[in-house]
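S.K.: Whole structure, please, built from the sequences with the hints as guidance.
Residue numbers (the working numbering), protein chains in the order written: chain B, 65 to 437; chain E, 2 to 516; chain G, 377 to 685.
Quick caveat, the hints were computed from the structure, so don't treat them as lab data. Bear in mind the structure is a predicted one, so any value in this text is a computation, not a measurement. Glycine is no exception: its CB is placed at the ideal position from the N, C-alpha and C atoms. A few of these clues could be false.
Listed below are several chain G residues computed to face chain B (Cβ distance under 8 Å; list not exhaustive) [as the list claims (entries may be wrong)]:
1. Ala-389
2. Ile-465
3. Val-471
4. Ile-474
5. Ala-475
6. Val-476
7. Ile-482
8. Gly-486
9. Phe-490
10. Gly-600
11. Gly-604
12. Ile-610
13. Leu-651
14. Asn-653
15. Ala-654
16. Leu-661
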Amino acid sequence: MQEPQPTKLAARGAGSLLGRTWSPRGGSLSTDSLESLLLSLIAIAVAALIFGAFLALQGHDPLAVYRTLYLGAFGTRFSLESTLTQAAPLLLTALCTLIPARVGLLVIGGEGAVVLGGLAAALAGVALAGAADLVGTVLTLAAGALAGGLWIGAAGALKHFRGVNETISTLLLNYIAIALLNHLVSGPIRDFSQTLKAQSWSIPKAFMIGNMPGWSVHWGLLIGLVGCVILNVLLRHTTLGFAMDVLGGNRRAAQMAGLPLGRLILLATFLGGAAAGLAGAVEVVAVHGAASESLVVGLGYAGILVAFLARQNALAVIAVALLLGGISASGGLLQRRFDIPHAATTVLQGLIFLCVLASGTFAGRLLPRRSAQ
Amino acid sequence: MRNKPTPPEIEIVGLCKSFAGLRALDQVSTSFRAGRLHALLGENGAGKSTLVKCLMGYYRADSGQILVDGQRHIMRHPSDAHALGLGMVYQHFTLVPQMTVAENFLLGRQSLPAVIDWRAEHSALDQFMEGMPFRLDPRRLVASLAAGEKQKLEILKQLYLGRRFLVLDEPTSVLTPAEADEVLAEMRRLADARQLSVVFITHKLREVMQFAQDVTVLRAGMVAARTAVTATSETGLASLMFGAELAEQKAAAPTRTAMPEQAAYLELEGLHAVGDRGAPAVVGASLSIRPGEIVGIAGVSGNGQKELLEILAGQRQAQAGSVRVGGRAFRGTRGELERWGVSLLLEEPLLNAAVRSMSVMENLALRQFDRPPLAIAGWILKRRALWPFAQALIQRYGIRASSPSAPLETLSGGNVQRTVLARELARPVRLLLMQNPCFGLDVAAASEIRQQILRVRNGGAAVLLISEDLDEVLQLSDRVLVMASGRISYETDRSHADRYVIGRHMTQARARPSP
Amino acid sequence: MTGTFDLGWWGVALAIVAGAMRVSTPYLLVSLGETLTEKSGRVNLGLEGTLVLGAMSAFAIAYLTGSPWLGMLSAGAAGAALGLLHAAISNLPRVNDIAVGIALFIFGIGLAFFLGKPFIEPRATMLPGIPLGNWSASPAIRSAFEISPMFFLGIALAIALEWGLKSTRWGLILRIAGESADAARAIGLSVERIRTFATMAGGFLSGLGGGFLSLYYPGNWNEGLSSGQGLMAIALVIFARWSPLRCFYASLLFGGASAIGPAVQTVGITEGYYLFNAAPYVLTLGLLIYSSSRTRTLAGAPSELSISR
Numbered sequence: 065m066q067e068p069q070p071t072k073l074a075a076r077g078a079g080s081l082l083g084r085t086w087s088p089r090g091g092s093l094s095t096d097s098l099e100s101l102l103l104s105l106i107a108i109a110v111a112a113l114i115f116g117a118f119l120a121l122q123g124h125d126p127l128a129v130y131r132t133l134y135l136g137a138f139g140t141r142f143s144l145e146s147t148l149t150q151a152a153p154l155l156l157t158a159l160c161t162l163i164p165a166r167v168g169l170l171v172i173g174g175e176g177a178v179v180l181g182g183l184a185a186a187l188a189g190v191a192l193a194g195a196a197d198l199v200g201t202v203l204t205l206a207a208g209a210l211a212g213g214l215w216i217g218a219a220g221a222l223k224h225f226r227g228v229n230e231t232i233s234t235l236l237l238n239y240i241a242i243a244l245l246n247h248l249v250s251g252p253i254r255d256f257s258q259t260l261k262a263q264s265w266s267i268p269k270a271f272m273i274g275n276m277p278g279w280s281v282h283w284g285l286l287i288g289l290v291g292c293v294i295l296n297v298l299l300r301h302t303t304l305g306f307a308m309d310v311l312g313g314n315r316r317a318a319q320m321a322g323l324p325l326g327r328l329i330l331l332a333t334f335l336g337g338a339a340a341g342l343a344g345a346v347e348v349v350a351v352h353g354a355a356s357e358s359l360v361v362g363l364g365y366a367g368i369l370v371a372f373l374a375r376q377n378a379l380a381v382i383a384v385a386l387l388l389g390g391i392s393a394s395g396g397l398l399q400r401r402f403d404i405p406h407a408a409t410t411v412l413q414g415l416i417f418l419c420v421l422a423s424g425t426f427a428g429r430l431l432p433r434r435s436a437q
Numbered sequence: 002m003r004n005k006p007t008p009p010e011i012e013i014v015g016l017c018k019s020f021a022g023l024r025a026l027d028q029v030s031t032s033f034r035a036g037r038l039h040a041l042l043g044e045n046g047a048g049k050s051t052l053v054k055c056l057m058g059y060y061r062a063d064s065g066q067i068l069v070d071g072q073r074h075i076m077r078h079p080s081d082a083h084a085l086g087l088g089m090v091y092q093h094f095t096l097v098p099q100m101t102v103a104e105n106f107l108l109g110r111q112s113l114p115a116v117i118d119w120r121a122e123h124s125a126l127d128q129f130m131e132g133m134p135f136r137l138d139p140r141r142l143v144a145s146l147a148a149g150e151k152q153k154l155e156i157l158k159q160l161y162l163g164r165r166f167l168v169l170d171e172p173t174s175v176l177t178p179a180e181a182d183e184v185l186a187e188m189r190r191l192a193d194a195r196q197l198s199v200v201f202i203t204h205k206l207r208e209v210m211q212f213a214q215d216v217t218v219l220r221a222g223m224v225a226a227r228t229a230v231t232a233t234s235e236t237g238l239a240s241l242m243f244g245a246e247l248a249e250q251k252a253a254a255p256t257r258t259a260m261p262e263q264a265a266y267l268e269l270e271g272l273h274a275v276g277d278r279g280a281p282a283v284v285g286a287s288l289s290i291r292p293g294e295i296v297g298i299a300g301v302s303g304n305g306q307k308e309l310l311e312i313l314a315g316q317r318q319a320q321a322g323s324v325r326v327g328g329r330a331f332r333g334t335r336g337e338l339e340r341w342g343v344s345l346l347l348e349e350p351l352l353n354a355a356v357r358s359m360s361v362m363e364n365l366a367l368r369q370f371d372r373p374p375l376a377i378a379g380w381i382l383k384r385r386a387l388w389p390f391a392q393a394l395i396q397r398y399g400i401r402a403s404s405p406s407a408p409l410e411t412l413s414g415g416n417v418q419r420t421v422l423a424r425e426l427a428r429p430v431r432l433l434l435m436q437n438p439c440f441g442l443d444v445a446a447a448s449e450i451r452q453q454i455l456r457v458r459n460g461g462a463a464v465l466l467i468s469e470d471l472d473e474v475l476q477l478s479d480r481v482l483v484m485a486s487g488r489i490s491y492e493t494d495r496s497h498a499d500r501y502v503i504g505r506h507m508t509q510a511r512a513r514p515s516p
Numbered sequence: 377m378t379g380t381f382d383l384g385w386w387g388v389a390l391a392i393v394a395g396a397m398r399v400s401t402p403y404l405l406v407s408l409g410e411t412l413t414e415k416s417g418r419v420n421l422g423l424e425g426t427l428v429l430g431a432m433s434a435f436a437i438a439y440l441t442g443s444p445w446l447g448m449l450s451a452g453a454a455g456a457a458l459g460l461l462h463a464a465i466s467n468l469p470r471v472n473d474i475a476v477g478i479a480l481f482i483f484g485i486g487l488a489f490f491l492g493k494p495f496i497e498p499r500a501t502m503l504p505g506i507p508l509g510n511w512s513a514s515p516a517i518r519s520a521f522e523i524s525p526m527f528f529l530g531i532a533l534a535i536a537l538e539w540g541l542k543s544t545r546w547g548l549i550l551r552i553a554g555e556s557a558d559a560a561r562a563i564g565l566s567v568e569r570i571r572t573f574a575t576m577a578g579g580f581l582s583g584l585g586g587g588f589l590s591l592y593y594p595g596n597w598n599e600g601l602s603s604g605q606g607l608m609a610i611a612l613v614i615f616a617r618w619s620p621l622r623c624f625y626a627s628l629l630f631g632g633a634s635a636i637g638p639a640v641q642t643v644g645i646t647e648g649y650y651l652f653n654a655a656p657y658v659l660t661l662g663l664l665i666y667s668s669s670r671t672r673t674l675a676g677a678p679s680e681l682s683i684s685r
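M.R.: Shown next, in the form of structure tokens:
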């Protein structure tokens, strides 16, 4: 290869609206999956080491902590069930970051979409009281998905029609959604007969979904798994998925190929929001039965981490959600056995995220790539 | 910091430099005498840039010597070169657009005061420019300067910093013929007055013959010749640059079949568009192109050509005006591109027309992925069909890639352009839109592309060629238009095209800042 | 805020003004810090985590040593440390600073809650205020005009930075890293070093902002201390078009908006409390929509910034 040629971009000076050199989607999927997997594994290992050192400084035995972590995540049937329960919503909230990432957007609004999805589900459930069980359940879930989809879709519209940065707008929408939830749940739609905490009117018991046969894990897990699989098919095996890849890879190339940018962006943000909204709806329909501040537990933010760790690959999300679900599930056990505050799991998650991001610099350089002549 | 009053004399002995196993410089020896204008000639990839970057300490040569005024110096870093009074004006501007002229001047200084007194600095700069061949207002924002003014600012910066040996890398590539002449004449004048030694890199033979005193010709990393300009000619230089056979090839006029008159295929009417920073870029542009005709738009970079093509490519919205293809309104949707047989060859394909992280076969499929044989019912993508589809194109167009599934970014520049060419031309083309298609490519790849363009034209397609290389426009076009300040300001046909008349029209309209 | 009940709606106005000065201080400090960071060409979305970690450090150190000033210093140090981490990772090629910011947001908050657990109950020594309202007999006015020195520090910084960016060598160097990394490298500057310093400075100021929260107003440490102020500061910087002086005005505006909720409560309007709390976010979103344009880059944005591309 000759010395690097000067590019016109440099010749014209910086500062134009050309594509970024970094895409939230990460590197090429078909050729780099093995390397991506290796990088993620190395990142997790490094994060584990650092966290272990951190624990040691606090006076705990890292190996004992990790053993307990494993026990609390996968060691017993009970812990496995807890892990699956924790992982279930992550499967869907991760999609709220993943799908827009495919078209080049960095959306972090999962938290808000979950909240709105739960709200909409609670309201829909109450409004549909009297309908047949299955119909009620399905419509309630659909309402949650729709609400989440519209919420994030609005951010997508703002981005496409107005150029508003989607990271900041979805972040703000998170807080607005939470404020809306708090307002409604503390007054207008409050069920005052519940004295433990402020919560909305409850949906009919008949609409609630129970556990899968033989396991103490609700059907939401299956919904999440199916969601990831369907999405993977959509992204890899349809022309729509290909068009999204092109847009995420190079916006200008997508334009000159005549692809409908607005439609792709709106669809991607709507689907992402719908997934997170569905997660919120599942929380109401399978766990709580009503909307309350229990919807605001960081499902959205954890979903962001899952998406990044899975390098925006819908199937890898399943494995990663299990891992992070396991970490969350063992938090209680860690607290009881070692008196480690629950925030430790957040620290570990943050460390993993940082290591995964740092590992991205080695993409394309870890495994020898067969370069062309 | 050098403080001798006379410009330095530089000698280069046996310089070698390799990049990743490829020899960019092979035992290059030459000398740049003091107070003379020296041209460094060669085609793209010959090693001219590498040579001067080694001289400037931007690269570290693998072996060889650099002697300044007879003393050996090792250049590890540009600051070593600066200390000896050597300065370089790069091909891409190193100016900061959102800062003022004065700020750009100050930035290069070795020692800046902690607190800057702008009033004093501005008057000092005004005084400095009194004695200079070019003058600029220090308070202006660089983004508001035209390309020619920016080039002059770059040169002034070097003089301001006290540099006595200037290297200019393709200084006239963004200038009109008249501006280019002005700059080179000034450089020659300063050299003759024993104030500067100047080396300028170029591939334009005319400039060498007209202004330079000495010339060094590089070919494939080696010195092909060193001579005084008086001892040679344009044809002599051409054969030294390319070797005798290639020179003939380059001079041979490509065949052009006569085309019957038909109704216009592409019609632009009163197009208006705004640039990235909000200033008007395209102002009432109108043109039409018939089938079997190449219309070339010449113009200095920054006069709206980029924005015009972006409108056609769907990368920019027009504020007003209409685009018609085949008599019907054209919005650039995927269906229209297909129906009207529109193909685009944009400059810098990795930035504009291809997805670097996707594989070669996926890039080749960009135009066809939603149609059989690659798709079923327009919805389902048959990934397995990508490989044979790509393989056929790779063989037909001679794309060199390790495999169809290799990421596009692992290909060389020429092969990326071949990939895009294959994708765009491997379907019935009735309208071909191109912008600087051969920028940065070596002569072999460039002439290949030009052959393809003519083939398409002879096959009855309407072709729009926008290029900053006036030679390219003159060589290929049936009709030549000039775009200046966003307007189509001049039109002529092939037989009446005169380089200097065209050049005058390139700056005819009011001096306008580049967007 | 005793006694405002007597003043009725005047009390509300007073509360908003006083609240504006009080609540705007963390916004001011964080946005000034982020302005520096973004002027160098980097976005730090992790400021929320920095804010919270700073708050915790300030409270913990103030409690342990009895000196609120040491607490503030340690808050700044913690913020600078997170800034260093942000810069170290973002400087690596092909790493996106926005994503790093989100990761630090999570990491910073986690670390703060983890290390801060033992400090939730106890009460640390608070930062003193400057009593500027002592001319009045009314206790309401007195308490309203007891202003923290950090507010004045913020104003001084805003003016100093506005001038410094234009007229000092450091200002010029900072700006060139944010406008054109190529040009900066061409004159021999290390863009990575400049951005590291800028991000650390930004982190330091954000840490101070956090310290203000825990040691002055609201003056305690718990897990609900910050509610997105760090993130709103990012939008504030965009709204202020990267000018330190405009950051000051915008902070007052945001502070006032945040103070409406509590202020209105004092005259007995308790409904819609949460909606009032949403006011600053809605305002921010509105301003963001207003200042963004589909076709043009944000006016005044440093050209190297990833969010303006």
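S.K.: Each of the hints needs a verdict: does it hold here or not?
M.R.: Checked hints:
Checking G:Ala-389 against chain B: minimum C-beta separation of about 24 Å lies over 8 Å; hint violated. Annotation: G:Ile-465 was flagged as interfacial toward chain B, and the flag holds, the nearest CB pair being 5 Å apart, inside 8 Å. Using the Cβ-Cβ criterion of 8 Å, the hint placing G:Val-471 at the interface with chain B is satisfied: the shortest such distance is roughly 5 Å. A cut of 8 Å between beta carbons decides the hint on G:Ile-474: the least distance to chain B is about 6 Å, and the hint holds.
Of the supplied interface hints, the one on G:Ala-475 holds, with its beta-carbon coming within about 5 Å of a beta-carbon of chain B, less than 8 Å. Given the 8 Å rule on beta carbons, the hint for G:Val-476 holds: about 5 Å separates it from the nearest Cβ of chain B. Restraint check, G:Ile-482 versus chain B: the minimum CB separation of about 4 Å is within 8 Å; hint holds. Nearest Cβ of chain B to the Cβ of G:Gly-486: about 3 Å, under the 8 Å cut. The hint holds.
Interface hint at G:Phe-490: satisfied, since its Cβ lies 4 Å from the closest Cβ of chain B, which is below the 8 Å cut-off. Hint status for G:Gly-600 relative to chain B: violated, with the closest Cβ pair at about 11 Å, above 8 Å. A hinted interface residue such as G:Gly-604 counts as satisfied when its beta carbon comes closer than 8 Å to some beta carbon of chain B; here the least separation is about 5 Å, so the hint holds. About 6 Å separates the beta-carbon of G:Ile-610 from the nearest beta-carbon of chain B, less than 8 Å, and the hint is met.
At its closest, the beta carbon of G:Leu-651 sits 5 Å from a beta carbon of chain B; the interface hint therefore holds under the 8 Å criterion. The interface hint given for G:Asn-653 holds, since its Cβ lies 5 Å from the closest Cβ of chain B, which is under the 8 Å cut-off. Checking G:Ala-654 against chain B by beta carbon gives a least distance of about 4 Å; that is within 8 Å, so the hint holds. Proximity of G:Leu-661 to chain B holds as hinted, the smallest CB-CB distance being about 5 Å (cut-off 8 Å).
Against the hints set out earlier in the document, violations occur for numbers 1, 10.
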